[in-house]
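Peer 1: Start from the sequences and build out the full structure, keeping to the hints where you can.
For reference, the chains in residue letters:
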Amino acid sequence: MNPDRDVTPTIETFGLGRRYGRRWALRDCTLTLPQGHVIGLVGPNGAGKTTLLHIVAGLLEPTTGDVRVLGASARDLRTLSRIGFVAQDKPLYPRFTVEDMLRMGGWLNPGWDRASALERLAGLDIPLEQRCGSLSGGQRAQVALAIALGKRPDLLLLDEPVANLDPLARRQFMQVLLEHVAATGMTVVLSSHLLADLERVWDYLVLMSASRIQLSAPTDELLHEHRVLTGPPSKVGAIAAAHAVVQSSMADRQATLLIRAGGPVHDPDWSARPASLEEIVLAYMRTPLAGAGPVLSLVGSPLRGSR
Amino acid sequence: MIEMTWRQHRAQLLIATVVVAAFVAYMLITSLQRAAFANSIGLSSCLAARTRDCGPLAEAFLNRFGGIPQFYTLLAGLPLLAGLFWGAPLIAREVEAGTYRLAWTQSVGRGRWLTVKLATFLAAIVVAATVLSLTFSFWLRIYSQISAAGYTNIDRLAPPAFDLTGTAPFATMLFAFALGTLAGALIRRTVPAMAVTLGGYLGVVLPLESLRYTILSPLTKSGPFATNSIPVPPGAYALSSGYSTAAGHPVPFSSLVQVCGTPQGAHSVGIKLSCLAAHGFHVSETYQPAWRYWPLQGIYSASLVVIAIVLLGSAIWWTARRVR
Numbered sequence: 391m392n393p394d395r396d397v398t399p400t401i402e403t404f405g406l407g408r409r410y411g412r413r414w415a416l417r418d419c420t421l422t423l424p425q426g427h428v429i430g431l432v433g434p435n436g437a438g439k440t441t442l443l444h445i446v447a448g449l450l451e452p453t454t455g456d457v458r459v460l461g462a463s464a465r466d467l468r469t470l471s472r473i474g475f476v477a478q479d480k481p482l483y484p485r486f487t488v489e490d491m492l493r494m495g496g497w498l499n500p501g502w503d504r505a506s507a508l509e510r511l512a513g514l515d516i517p518l519e520q521r522c523g524s525l526s527g528g529q530r531a532q533v534a535l536a537i538a539l540g541k542r543p544d545l546l547l548l549d550e551p552v553a554n555l556d557p558l559a560r561r562q563f564m565q566v567l568l569e570h571v572a573a574t575g576m577t578v579v580l581s582s583h584l585l586a587d588l589e590r591v592w593d594y595l596v597l598m599s600a601s602r603i604q605l606s607a608p609t610d611e612l613l614h615e616h617r618v619l620t621g622p623p624s625k626v627g628a629i630a631a632a633h634a635v636v637q638s639s640m641a642d643r644q645a646t647l648l649i650r651a652g653g654p655v656h657d658p659d660w661s662a663r664p665a666s667l668e669e670i671v672l673a674y675m676r677t678p679l680a681g682a683g684p685v686l687s688l689v690g691s692p693l694r695g696s697r
Numbered sequence: 666m667i668e669m670t671w672r673q674h675r676a677q678l679l680i681a682t683v684v685v686a687a688f689v690a691y692m693l694i695t696s697l698q699r700a701a702f703a704n705s706i707g708l709s710s711c712l713a714a715r716t717r718d719c720g721p722l723a724e725a726f727l728n729r730f731g732g733i734p735q736f737y738t739l740l741a742g743l744p745l746l747a748g749l750f751w752g753a754p755l756i757a758r759e760v761e762a763g764t765y766r767l768a769w770t771q772s773v774g775r776g777r778w779l780t781v782k783l784a785t786f787l788a789a790i791v792v793a794a795t796v797l798s799l800t801f802s803f804w805l806r807i808y809s810q811i812s813a814a815g816y817t818n819i820d821r822l823a824p825p826a827f828d829l830t831g832t833a834p835f836a837t838m839l840f841a842f843a844l845g846t847l848a849g850a851l852i853r854r855t856v857p858a859m860a861v862t863l864g865g866y867l868g869v870v871l872p873l874e875s876l877r878y879t880i881l882s883p884l885t886k887s888g889p890f891a892t893n894s895i896p897v898p899p900g901a902y903a904l905s906s907g908y909s910t911a912a913g914h915p916v917p918f919s920s921l922v923q924v925c926g927t928p929q930g931a932h933s934v935g936i937k938l939s940c941l942a943a944h945g946f947h948v949s950e951t952y953q954p955a956w957r958y959w960p961l962q963g964i965y966s967a968s969l970v971v972i973a974i975v976l977l978g979s980a981i982w983w984t985a986r987r988v989r
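Here the protein sequences come in this chain order: A and B. One rule links them: number in my numbering = place in the first sequence (from 1) + 390. One rule links them: number in my numbering = place in the second sequence (from 1) + 665.
Hints in this document: simulated from the structure, not taken from any laboratory. All values reported here derive from a predicted model rather than from experimental measurement. For glycine and all other residues, C-beta sits at the position ideal for the given N, C-alpha and C. Each hint should be verified, as a subset may be incorrect.
What the hints assert, rightly or not - Covered by chain B, according to a simulated footprint, are these stretches of chain A (three or more residues, beta-carbon under 8 Å):
1. 466 to 477
2. 491 to 497
3. 505 to 518
Stated by the list, open to error - Some chain A residues well away from chain B (every beta-carbon gap over 12 Å; in silico):
4. G407
5. R412
6. V428
7. G501
8. S526
9. D549
10. Q562
11. A572
12. A573
13. A600
14. T609
15. R617
16. S639
17. R643
18. G652
19. L672
Peer 2: Listed below in structure tokens is the structure:
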């Protein structure tokens with residue numbers, strides 16, 4: 391199967407929401423994510439990333455809306471056999487040995503690829519006879535990843551995969567993951583509350599905050615569209631009329647704007663430079679709902695204190 | 666999935682095997698001791714021949730061994746362990762440890778995951794209950810023979826024997842397991858689920874234990890005061906005794922004292938049997954006859970099994986559709 395030719399969205403959601411009691415963990419989530427990307431799901435803690443991933447993995451029933459995963463229901467058994475999921479704390483059975491965990495993969499998955507899982511763990515010097523309860527954090531993560539990859543999934547979901555790992559384990563984890571992605575063209579969705587974790591990995595960004603999707607686009611498109619402008623505060627209104635101002639800050643006699651450009655900026659009073667991914671993400675996180683629906687104008691009430 | 670179930674639960678199943686085997690060994694040894702003694706004093710051959718009075722031999726046997734030891738009342742609580750240690754952790758431990766996110770995202774799906782586990786424990790329950798029931802029936806055999814000849818009332822209809830024979834061990838074990846499984850699925854924490862299982866089990870089984878002897882209305886046997894009680898048929902389970910007038914109206918014991926009491930000293934009253942007989946008072950005994958053993962076992966077991974099926978169905982439904 392050539393993933394480049396498969397145009398079925400990897401994940402499609404329509405008005406997805408999940409409520410716990412009175413609190414909405416996820417609201418109005420409408421997304422279409424293409425196949426063949428490494429998708430970063432970024433947002434602060436409590437933004438709804440885990441809720442969204444659990445719904446996609448079929449672990450959680452949405453309160454509202456609908457979700458299609460690889461073109462089918464998330465609760466469909468065929469969908470379940472096509473996705474790999476690694477939960478945030480890398481759950482393994484503490485009394486199982488690593489070998490038992492690999493056997494489990496074979497018992498529970500018809501398409502289990504034992505040889506490559508063994509090879510991957512051997513390359514990391516993880517002894518098969520060791521009990522999972524006594525593995526280090528990095529080893530746990532690797533075993534959990536090996537089980538998820540051993541299913542040979544078309545879609546891999548990783549919830550905060552490197553959040554609790556030391557830098558070396560982090561690099562090793564990402565290396566194993568990216569080798570596999572390069573070899574298979576599998577779609578990956580990984581969530582993180584830290585931009586730096588994933589910055590060099592993803593090529594598609596979904597930004598969440600306050601239980602909502604703020605932004606969803608390929609990174610190159612984001613970098614292409616967003617610009618940082620500096621210029622006179624008196625002319626902020628003219629910019630806002632032509633472009634979407636995501637964030638603005640005023641310092642002395644100078645306004646700094648981060649815009650999603652509707653076209654080129656011609657006014658010579660403004661100096662423009664490309665925005666970095668980090669600037670874009672921070673700007674959208676600070677201004678909830680900036681990316682959703684119609685353009686939100688912040689011109690009337692300049693934000694203070696932005697550094 | 667069956668390999669997974671075995672790998673995950675083999676410790677629980679092996680411990681249960683050891684516990685059941687220990688009880689079985691103990692029952693077999695004590696049963697053989699009793700049989701050897703009954704043979705040596707000629708009780709067994711006497712009961713088999715049915716030609717002479719075996720009363721003294723039966724008395725010798727009962728003096729030597731007594732009835733069913735208290736210990737067997739504990740054994741009647743064994744099914745509860747299936748609820749506490751098999752049922753309650755089954756789903757709760759997975760949720761508590763977060764491993765449900767691993768187990769339920771594999772290709773088999775959580776429906777089959779749970780069904781196979783339930784089927785495995787169901788098979789274990791059938792085996793354990795059958796072994797316990799048959800072994801205890803074997804242990805009780807000599808008492809049943811003495812009871813059939815009318816020398817004792819220790820038999821399978823009375824507790825704790827009723828709980829340890831027939832289909833009752835299976836039914837109580839299945840009920841406890843189902844209750845534990847559902848409690849674990851709903852509460853999602855092992856220890857609270859165990860506490861609810863304990864409370865729920867006692868809350869259902871204790872009332873049922875008295876209800877099961879009255880669901881088929883007990884028989885009554887009454888007669889004039891020849892002795893101070895009236896013997897029930899062999900193997901029957903006596904529920905209560907009472908007094909009545911000749912016309913059959915029940916009367917309390919105080920009426921007997923009023924009519925026939927003669928003061929003996931300052932604080933005690935004597936009643937003459939001859940006086941009671943002369944006034945036409947009757948003594949009565951309500952009981953379940955021996956032949957109702959299987960109907961009562963059937964009703965008791967069926968009601969527990971029906972409850973268990975509902976509980977297990979709810980646990981499957983809840984787990985498959987709703988969890989968290």
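Peer 1: Look at each hint and say if it fits the structure.
Peer 2: Hints, one by one, checked against the model:
For a cut-off of 8 Å, the count of residues in the stretch 466 to 477 of chain A with a CB near a CB of chain B stands at 7, and the three-residue condition holds. Figure legend: the stretch 491 to 497 of chain A, annotated as covered by chain B; annotation consistent (4 residues with Cβ-Cβ distances under 8 Å, at least 3 required). By the rule of at least three residues with a Cβ nearer than 8 Å to a Cβ of chain B, the coverage given for the stretch 505 to 518 of chain A is violated, with 0 such residues. Every CB of chain B lies more than 12 Å from the CB of G407/A, the least distance being 15 Å, so the non-interface label holds.
Every CB of chain B lies more than 12 Å from the CB of R412/A, the least distance being 17 Å, so the non-interface label holds. No beta-carbon of chain B is positioned within 12 Å of the beta-carbon of V428/A; the least distance is around 20 Å. For G501/A, the non-interface assignment is contradicted: its Cβ lies about 7 Å from the closest Cβ of chain B, within the 12 Å cut-off. A cut-off of 12 Å between C-beta atoms confirms that S526/A is not in contact with chain B; the least separation is 18 Å.
Annotated as non-interface, D549/A brings its C-beta within 12 Å of a C-beta of chain B; the closest such distance is 9 Å. With 12 Å as the threshold on Cβ separation, the claim that Q562/A sits away from chain B holds: the shortest Cβ distance comes to roughly 21 Å. No beta-carbon of chain B is positioned within 12 Å of the beta-carbon of A572/A; the least distance is around 24 Å. The Cβ of A573/A lies farther than 12 Å from every Cβ of chain B, with a closest approach of about 21 Å, so its non-interface assignment holds.
Listed as outside the interface, A600/A is consistent with that label: its C-beta sits roughly 22 Å from the nearest C-beta of chain B, beyond the 12 Å cut-off. Every CB of chain B is more than 12 Å from the CB of T609/A (nearest about 28 Å), matching its label as outside the interface. At roughly 41 Å, the least C-beta separation between R617/A and chain B is larger than 12 Å, which holds for a residue marked as non-interface. The claim that S639/A is not at the interface with chain B holds, since no C-beta of that chain comes within 12 Å of its own (minimum 41 Å).
Every Cβ of chain B is farther than 12 Å from the Cβ of R643/A; the closest lies at roughly 54 Å, confirming the non-interface assignment. For G652/A, the requirement that its beta carbon stay farther than 12 Å from each beta carbon of chain B is met, with the minimum near 42 Å. Separation of L672/A from chain B is adequate, the least Cβ-Cβ distance of about 30 Å exceeding the 12 Å criterion.
In this structure, the earlier hints numbered 3, 7, 9 are contradicted, and the remaining ones agree with it.
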